[in-house]
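Colleague: Residue strings, one per chain:
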Amino acid sequence: SQTIHQWPATLVQPVGSPLSLECTVEGTSNPNLYWYRQAAGRGLQLLFYSVGIGQISSEVPQNLSASRPQDRQFILSSKKLLLSDSGFYLCASRGRGVNTDTQYFGPGTRLTVL
Amino acid sequence: QQQVKQSPQSLIVQKGGISIINCAYENTAFDYFPWYQQFPGKGPALLIAIRPDVSEKKEGRFTISFNKSAKQFSLHIMDSQPGDSATYFCAASRRGSTLGRLYFGRGTQLTVWP
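First to last, the sequence lines map onto chains A and B.
Using the working numbering, read the first sequence as starting at 136 and increasing by one per residue.
Using the working numbering, read the second sequence as starting at 657 and increasing by one per residue.
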């Protein structure tokens with residue numbers, strides 16, 4: 136089964152600073168990968184998805200970007216953080232075989248922008 | 657436009673009672689309906705899922721009821737326990753799609769009082 140790692144677990148950053156969140160996946164190869172944001176007490180907003188290395192699609196225009204430099208690595212970045220970027224960021228990986236319709240989530244990164 | 661509508665937003669149930677969360681969808685192409693459970697500070701985890709070829713699926717105390725004609729599905733938690741207190745998300749997707757995107761409801765925060 137898959138294991139999704141996210142780093143860091145928590146992060147406090149000032150407005151205007153850069154951001155880099157990392158997601159790595161074990162136990163599968165060439166998975167579809169997703170970045171979600173969850174604002175406090177809110178639902179899951181899909182930010183980016185990737186079907187392969189270097190292939191990124193954005194769902195919501197914003198000051199965030201994503202990259203996939205390796206098969207099982209997905210990175211969320213920003214050049215200048217805004218207050219509204221605060222939230223809980225989740226990386227997810229698509230299942231394989233009989234579980235291909237399922238997404239498996241990582242433990243998340245709590246980002247606070249001050 | 658919200659593809660999957662979930663209600664209620666919050667739910668308080670006494671220990672031993674039945675918790676019921678409802679979801680509705682519009683896209684008749686959806687044919688996979690999972691429920692996710694999320695504890696505070698953690699990533700969502702797949703709880704149970706159903707496909708439209710059956711009207712009900714039960715796993716332990718958790719049951720999904722599915723009404724294809726009404727385009728509705730619901731989660732029933734029997735004998736609710738304090739440990740069930742979490743946020744529950746319903747979702748829908750099209751099986752076998754290239755992207756494998758899940759469309760999530762906004763979530764229901766369940767509190768089970770001892």
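Hints in this document: simulated from the structure, not taken from any laboratory.
For glycine and all other residues, C-beta sits at the position ideal for the given N, C-alpha and C.
Please note that a few of the clues may not be correct.
List time: in silico DSSO-like cross-link candidates among lysine-lysine, alpha-carbon distance up to 30 Å [said to hold, decoys possible]:
1) K713/B with K671/B
2) K698/B with K215/A
3) K698/B with K214/A
Computed footprint of chain B on chain A, listed as stretches where at least three residues anywhere in the stretch have a Cβ under 8 Å from a Cβ of chain B [what the hints assert, rightly or not]:
4) 206–214
5) 235–243
Colleague: Taking the hints in turn, state whether each one holds.
Modeller: Against the structure, the hints:
1. For the hint linking K713/B to K671/B, the alpha-carbon distance of about 23 Å falls within 30 Å, and the restraint holds.
2. Restraint check for K698/B and K215/A: satisfied, since their Cα atoms lie roughly 26 Å apart, inside the 30 Å limit.
3. Taking the CA atoms of K698/B and K214/A, the gap is about 27 Å. The hint holds against a cut of 30 Å.
4. Restraint check on the stretch 206–214 of chain A versus chain B: 0 residues with Cβ-Cβ distances below 8 Å, three needed, restraint violated.
5. Judged by the Cβ-Cβ criterion of 8 Å, the stretch 235–243 of chain A is covered by chain B as claimed, because 9 of its residues qualify and three suffice.
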